[in-house]
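Position chain B against the provided structure of chain A, taking the given hints into account.
There are 2 protein chains.
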Amino acid sequence: MSLPERKLIERIRRLAGAKSNAVLACGIGDDCAVLRPPRGHELLLTTDFSLEGVHFRREWHSADAVGHRCLARGLSDIAAMGGVPLAAFLSLALPAGLSQDWVDGFMRGFTRLAKKFNTPLAGGDTAQSPGGVLADVVVLGSAPRRTAVGRSGARVGDDIYVTGSLGSGIVVLRKLQERRRSRPALKHPAAERKHFYPTPRLEAGRWLRERKLVSAMIDISDGLSTELSHICEESQVGAWIFQPAIPVAPGATLRDALHGGDEYELLFTAPPGKHDHIPDRIAGVAVHWLGTITKARGMWLVAPSMKSRQELKPEGWQHLEARSPQRV
Amino acid sequence: MSLPERKLIERIRRLAGAKSNAVLACGIGDDCAVLRPPRGHELLLTTDFSLEGVHFRREWHSADAVGHRCLARGLSDIAAMGGVPLAAFLSLALPAGLSQDWVDGFMRGFTRLAKKFNTPLAGGDTAQSPGGVLADVVVLGSAPRRTAVGRSGARVGDDIYVTGSLGSGIVVLRKLQERRRSRPALKHPAAERKHFYPTPRLEAGRWLRERKLVSAMIDISDGLSTELSHICEESQVGAWIFQPAIPVAPGATLRDALHGGDEYELLFTAPPGKHDHIPDRIAGVAVHWLGTITKARGMWLVAPSMKSRQELKPEGWQHLEARSPQRV
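Residue numbers (our numbering), protein chains in the order written: chain A, 23 to 350; chain B, 23 to 350.
Since the hints were derived computationally from the structure, they do not count as laboratory data. On a predicted model such as this, the values are computed, not experimentally measured, just so you know. A few of these clues could be false.
Note that the list lumps identical chains together, so a pair holds whenever it fits in one copy or between two copies.
[To be verified] Quick list of in silico lysine-lysine cross-link-like pairs, DSS-like style, CA-CA up to 27 Å: (1) K29 - K317; (2) K335 - K29; (3) K137 - K197; (4) K296 - K234.
Pulled out of the complex, with its shape left as it was, chain A reads as follows (with noise of 0.2 Å):
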């Protein structure tokens, strides 16, 4: 280990301020991190990269953004399980000359998420980054034996719904690439601190996970189309959506909804005799009713006359690329 990296361990060390608790025996400074998850639960444990270039931009993204988002979308995997997290891991490599504002910057938008959902910064690892800022982050979390929730639960008239509203990602971004130089002010401040602060789901899931009312779950981190082809090829089976009842955010058009990615919301389905205790709000958070799983395989949209329908192919979301999604 280099002195800096040495140095850079410490200087985490004490802004993670990550103290021992019931979960966490032993956190950064031996050759692992020691954790005593509660008693009757399985763990869940999910790796995400943040890397310059492909999942965020200096110049578009302040350090504290980037810190918060990488977290978040470790965060938002465990509350697709309906999770609760207990730990994070930081790999982080940074450029040589890269500022010390910007890595405490990082380390600040970081540790405030990590604070709000009681997930202290348990280890990780640090190098000298030989492009731009690397970073891959670990979310270990746990819920009890046998009710995590999968992607291949969903049955043949399940309904399906969504959580928040859709679209907003690729909005912030496609503004952020038109204007290509710094931060822009743009103009759907909600859409705005939804893409640079995302809130992972993590009350809702939980609320869904302890009363039993989903099968299946996933985060919408590729987009509606792509996630939900993924809950029926791991279920086996086939979906309608209803366009109207899609939740479009504000300056967003049905296609941002369907396809663009970058959004941490909840698809899920329930039993059909679950539909009376599905509230609208969770936590805070809308609920909106999608669509209905089918035996036939395939995903159709159905159009608001209900008369006609059209397939809806998954589309591959591409980081930052915000690429036109193909016509449906």
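Okay, now just chain B, sitting in the frame of chain A:
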């Protein structure tokens, strides 16, 4: 997720061939992996970057060796706690245009080592790299509650030991740097093998932990002087090392053995009463007594004559730079 990314994940899933087992309830293919660690165990978690140009070079290291080495780093951290590995997670970012052969070779090296130590690949992330090949490996392990061996348990009067021999890592790097092109046949096949295909000392670490012989343990990724300074700092003690006791690898100098990194040996301390219980070899690996833990802080190297000593400073180890270590 882009379609190539999806294809890559499918390929990794197939090449990894990890199936569910008693620990791994659900691996690649959901938002999180779901794991059930052994009852009464604490979790151990470590993350390690392996970045092209920093930790390896494609012109020096075959894809197979890169895959092996990046998992070996994490397994070695589990070994240093006396733990047993449960599962590995691979975040892998690849530059556009990297050949499928390279990826297959990488996965071959990774999974061969994973199988050897019964560590299924349980998840991870993929991305397109803005620079070279970027890997971040997480290894999750466990040990019975309150038995994991940390860095802070060394006590005054404890003996200091090391497994294997030291210095071969830097010898091989120096040769690679001298002959810049391709992968030359080197002079020390054992050293070469140890550099390209290091064996994490999992059996030795576990053996020592199970018999409650050790008070502190660490692996020597950053060189003996640096790792010993970590034990001394965390345990608030000092150390005397006896120069003739240092197991210098064939072709290496004393300085290489003291300060060279890229090793995967274990450095540990044990109470003097345990001396007779520590064998010359553990799980086929030689064990050497090196010196003793002192109350006075600082590290000292005692000359062969036993009549003089000089201060031993921790030398930060820079991966791939193979600097000439400072004179001792």
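Exercise. Which of the stated hints cannot be reconciled with the structure, identified by number in ascending sequence?
Worked result: Hint 3 is the one this structure does not satisfy, whereas the remaining hints hold.
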